[in-house]
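Q: In order, the protein sequence lines correspond to chains A and B. The numbering of the first sequence is full-length UniProt numbering, which starts it at 1 and goes up by one. The numbering of the second sequence is full-length UniProt numbering, which starts it at 1 and goes up by one.
Check the hints yourself; a few may be wrong.
Across the chosen pairs, the derived CB separations fall in these ranges [to be verified]:
#	chain 1	residue 1	chain 2	residue 2	range
1	A	Gly407	B	Asp131	47 to 53 Å
2	A	Pro129	B	Ala90	32 to 38 Å
3	B	Leu122	A	Pro336	48 to 54 Å
4	B	Glu146	A	Gly520	47 to 53 Å
5	B	Ser51	A	Glu442	45 to 51 Å
FYI, nobody ran anything at the bench for these hints, they're computed from the structure. Note that CB positions come from ideal geometry on N, CA and C, so glycine has one too.
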Amino acid sequence: MRHYELDDADVAVIVGSGPGGASLALRLARAGLDVVMLESGRWIDPEDFVDDERIAFAQLSWLEARRATGGWTLAQDFPALPAWNGHAVGGTALLWTGLTPRFKDHEFRTRSSYGEIAGASLADWPIDPAELAPYYEESERAMGVSHRQGRPPMPANTSYRVFANGAERVGYRHYATGPYATNVEPYDGRPGTIQDGFNSQGDRHRSKWTPLVSEIPKAIATERFELRPESHAVRITLDAAGRADGVEYLDRDGVLRRQRAALVAVAGNAIETPRLLLLSATVGHEHGLGNASDHLGRHYMRHTTGVVYGQFPEEVHMYRGENMAGIVADESRHDPERGFAGGYYLETISQGLPSFTTFMEPGGWGADFTARVEGYPRTAASWICGEDLPQPGNRVTLSDELVDRWGLPAPEVHYDDHPNDVAMREHAYGRVEAMFRAVGAERVWRAPAMPSGHNLGTARMSADPANGVVDPEGRVHGVPNLFVSDGSVFTTGAAANPTLTIMALSLRQGDRIVDTRRRGEL
Amino acid sequence: MTEDQPAPAAPDATASTLLALARALYPHPGIPDGPYVRAVALLAADAAASSELSALVTAGAAEAAADLGDPGSATLEARTAWLAAHEGEAFFAFVRERICFHLYDDREVWQLLGYPGPSYALGGYLHRGFDELPWLPDPRVEELDEPLVEIGPLGASAAASAGVEVTA
Numbered sequence: 001m002r003h004y005e006l007d008d009a010d011v012a013v014i015v016g017s018g019p020g021g022a023s024l025a026l027r028l029a030r031a032g033l034d035v036v037m038l039e040s041g042r043w044i045d046p047e048d049f050v051d052d053e054r055i056a057f058a059q060l061s062w063l064e065a066r067r068a069t070g071g072w073t074l075a076q077d078f079p080a081l082p083a084w085n086g087h088a089v090g091g092t093a094l095l096w097t098g099l100t101p102r103f104k105d106h107e108f109r110t111r112s113s114y115g116e117i118a119g120a121s122l123a124d125w126p127i128d129p130a131e132l133a134p135y136y137e138e139s140e141r142a143m144g145v146s147h148r149q150g151r152p153p154m155p156a157n158t159s160y161r162v163f164a165n166g167a168e169r170v171g172y173r174h175y176a177t178g179p180y181a182t183n184v185e186p187y188d189g190r191p192g193t194i195q196d197g198f199n200s201q202g203d204r205h206r207s208k209w210t211p212l213v214s215e216i217p218k219a220i221a222t223e224r225f226e227l228r229p230e231s232h233a234v235r236i237t238l239d240a241a242g243r244a245d246g247v248e249y250l251d252r253d254g255v256l257r258r259q260r261a262a263l264v265a266v267a268g269n270a271i272e273t274p275r276l277l278l279l280s281a282t283v284g285h286e287h288g289l290g291n292a293s294d295h296l297g298r299h300y301m302r303h304t305t306g307v308v309y310g311q312f313p314e315e316v317h318m319y320r321g322e323n324m325a326g327i328v329a330d331e332s333r334h335d336p337e338r339g340f341a342g343g344y345y346l347e348t349i350s351q352g353l354p355s356f357t358t359f360m361e362p363g364g365w366g367a368d369f370t371a372r373v374e375g376y377p378r379t380a381a382s383w384i385c386g387e388d389l390p391q392p393g394n395r396v397t398l399s400d401e402l403v404d405r406w407g408l409p410a411p412e413v414h415y416d417d418h419p420n421d422v423a424m425r426e427h428a429y430g431r432v433e434a435m436f437r438a439v440g441a442e443r444v445w446r447a448p449a450m451p452s453g454h455n456l457g458t459a460r461m462s463a464d465p466a467n468g469v470v471d472p473e474g475r476v477h478g479v480p481n482l483f484v485s486d487g488s489v490f491t492t493g494a495a496a497n498p499t500l501t502i503m504a505l506s507l508r509q510g511d512r513i514v515d516t517r518r519r520g521e522l
Numbered sequence: 001m002t003e004d005q006p007a008p009a010a011p012d013a014t015a016s017t018l019l020a021l022a023r024a025l026y027p028h029p030g031i032p033d034g035p036y037v038r039a040v041a042l043l044a045a046d047a048a049a050s051s052e053l054s055a056l057v058t059a060g061a062a063e064a065a066a067d068l069g070d071p072g073s074a075t076l077e078a079r080t081a082w083l084a085a086h087e088g089e090a091f092f093a094f095v096r097e098r099i100c101f102h103l104y105d106d107r108e109v110w111q112l113l114g115y116p117g118p119s120y121a122l123g124g125y126l127h128r129g130f131d132e133l134p135w136l137p138d139p140r141v142e143e144l145d146e147p148l149v150e151i152g153p154l155g156a157s158a159a160a161s162a163g164v165e166v167t168a
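Bound-form chain B, shown alone (with noise of 0.2 Å):
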């Protein structure tokens, strides 16, 4: 999906609805709400595969607007206490996991977030930075020329990692 790629259009309450319940969802408050229109859009697309999708869709928006009020002027918090308390619910599965799969597959979002996505084409990062990490010493490479111990427990080397707590 890219920005300006046209969405396919939910209804109109159904959809400002998922709208706020995403930004709930998925709250990221330097991302606009383009990003999040698209998704819903999408996730009405994959719910109109289906009849019965689409009813949870839609009588799931219903529910969360009625007890909302209106659900774009709702607070976050007052959005997030409805998501928490349907949290088991199939509409919020379907639409929890389909909100951050489109959301995250959106090149917008890829863009504020700091993911450049496809690389091929600019010739991978083998020139652009595959290797560069400033604030940790280069470390070695290569295998160790020293047997690994395979039986029993390691060498006097590493039992300076002791002062390492371990949770287990």
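If we strip away everything but chain A, and leave its shape as in the complex, we get (with noise of 0.2 Å):
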């Protein structure tokens, strides 16, 4: 691998391994810009994955300390885990499930689609849906989507097989198996699914896109870029003008290192990424980079979620095959007559013994709970999928009291539920209700949030800087060379699984960036 020295002011410095971060290395990289990514986490390889939830769940999860605050349910279920990130090279991607949705181009504009909403901040993405349209084939393209440019759909699995039915039964028909983000029959040098069921697990037989198996090593390939994991950014430097010219980091020795940068591309997730750009305050930008209108760590969307289990007198055996291989998008449209703005998918969710009876109901026990695990053979599930509104007090912020290893303020990420989360949650909860019924569920139970694995907004996209936290190209507002490459940027969540517009969005900046550069303006 390429190796750059800290002294190398002409580098592009990237800070997270994951969706974002990732595709636009790689794209630097081809473009001939030289690249160098810091990743907080380890480099595991795939042979090293694990397929049982606990041994994964602590060896790729982000576990420094967090907080989870305010009326959502996470708050009192899992108060130190308000999301479920991974902290490995390739990111949350090494916990994914793969389904890839687009957005829909009203839900680009949801200020003018849903109109004025009490509390919530909506706005209109200042960015052409047509615009997007190549980078989300591309997209497609390079994760393998099946259902996709030429991809075939993925089998129905045992799970499917329920949800599927149930939905066919209460009328929906826009239900499949995808698109979904795993090679149903090899596919870009990696191997078809053995529908093992330990997607989110890292996937040992690679079949699953993620940047560990794909833009990481083709980026390696290109010899214009080195990869440096154990590396934890902790500031962005930036020189008199005012451009970011450097990110300190400390390596897997705790030793504080500062690379040098001709331009920085922050890449951690909706919690991280504000974090590091709060931490980043300096003379000029006291509140942060970015953050002059105050907009920085706020409109912290994770989706609208929850999930309904079903008990079947036959068996199902959940845990076999591909976890989350079945989608209805009947629901996602916007149809105010629901009773709320916005529109959520149902997809399968499959889970093991450990995660069911940590997730089915948080905190339960007695008699009741374990009649329910005693029927875990005979048990299907759906995880609900749905825009949530953004609002300024849904938040994340740097904690006063606690820290992480290094000794730097934790986030605390604080939200509360807006009644129109509210009242598509329960609207969900009443439909997957309906479709486990209909193909003779003995019994239907609702259970709360999961830690998010959908982490949205805190640095959201605007075309006018009191408005937001970075422009239509991800560009920081106020720092000409910094860029959010990942989630953070989204002005609103839409109903879909994030990961594919990650992706398409970096790929669009990546060629602006590339544009730029070779004007010399950058």
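Each of the two chains sits in its own frame; use the hints to bring them together as a complex.
A: Put into structure tokens, the structure is as follows:
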């Protein structure tokens, strides 16, 4: 792998190796830029992934100090784990399951489509959906998404058979096993899935797309890229002219280093990205980089979610096969007649026994709990993924009390449900219950949100610097060579699982950066 | 934790009280004491990491033993009632969470409850029934070749679902 000196001031430094950072890195390196990637987590070879939920959770998860506050159920159920992020090369993609719906056009224009909603900070995205379309297509090819760009559909596993039959019987039409970013058959040098059911444990088989098995090795092969794992960024530095000129990070031995930079892109997920920008406060940016208008860390979104479980007279064995290869899109529309704005997807979700007992009723115990545990082989489940409304008070801040292992202020994540979120969740719960009952469920029950895999909005995109943190290219307002390249930039969250859109935005941003640099302006 | 792995021992009185409480927290008549004993031992090891937690567990178990007489011979109803009366307390919260965590991570429990665990070395389920569900028809897996309504109510075909009660 190429090596760059710390005082090489001509490199692009990217913080974070998840879908956003890795897609950008590959784009820039292939265009001839020199790229240094700082990743807080370790390199873990796919062969070392473990098909055991508890072991893999400890191996792959971001487990630094965090705190959840606010009215959301997570503040009660999992106060130290508001979000479930990856902490290894490949980022949260190591944990993701792989559904890749695109945004709908109106979801880029929610303020115009939904109107004014009290308490919500809705805004239209400052980009044209048509401009993103080719990047969506390219992202689908890069991930090898099933059902798209000539890739075959995923076959139906046991969970999907329950889910799809239920959907059909309640009158839904738009159900399918994807789009799903896992190989059905060999593609891009990776094998087809063996349906082992451990997507969220990294996927030893490499059938699931992640940067670890795709963009990162491809970037290394360009010889214009250096990956530095176990390098935890702690501060972005600015020069006298107010341009980003380096990133300070702690290496694996805890030694503070500084990599000089021609440009910096932050892709640390919607919790760590605002945290790093807040930690980088300096003269002229007293409240953090990009925070002159007080939007940094605000408008945190995590999707309106919940799980419905159904138990049937006959066996399901939900642990068999791809964990989330099933989606119903009929309710993803915006239909105010349902009593809320925006839409939601229903998605299959399978859990092994450890996760099932953790999430099916957080805090639950007693004979009623164990009766449901004993019904585990006869259980199917569906996860709700709906658009939650941005609210300025839902935000990531630096804790006054809590510190991480490096002694830096930990992030606190405050979230209150908007009434629209509550109404949507209620509606969705009822629909899944109806689906499961329609195929003979003897018992159905509702479970609250799990720690968030979808974390969005904390460095929102706006054309006007007064209304957000980054411009339509993801460039931080007020720092011309500093970019954000992850879900933090989402102006609003849409109903769709976000990874495809994160990648599409990164590829688009990469093209803009390359063009700007060729013009000598970066 | 495997079934043949020796478990670290908790002090006897505390351990036997915790065992009685664990069996009331997560009562599975078909599961023998072994997995519960292992879960209690792992809980004790977790508590040993901090003197505060150790004290919390020892004191809580002593209180339960005092209230229940011999917890091992107290009825399930009596133990359940004791737990319910202490549900808001730190002792309950710690013990419940740790027992749930360890009990359902026990290989013997997995086997008894029908969860096979790791599958990779067995070739996953591609040829071992990932798609076996004989009690429902084969569903379509492709997306429908018909536009999705993006704004407004569903079309007539989906109105058929109106008969299904929605809790909202």
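Q: Which hints from the list above does the structure break, by number from lowest to highest?
A: 2
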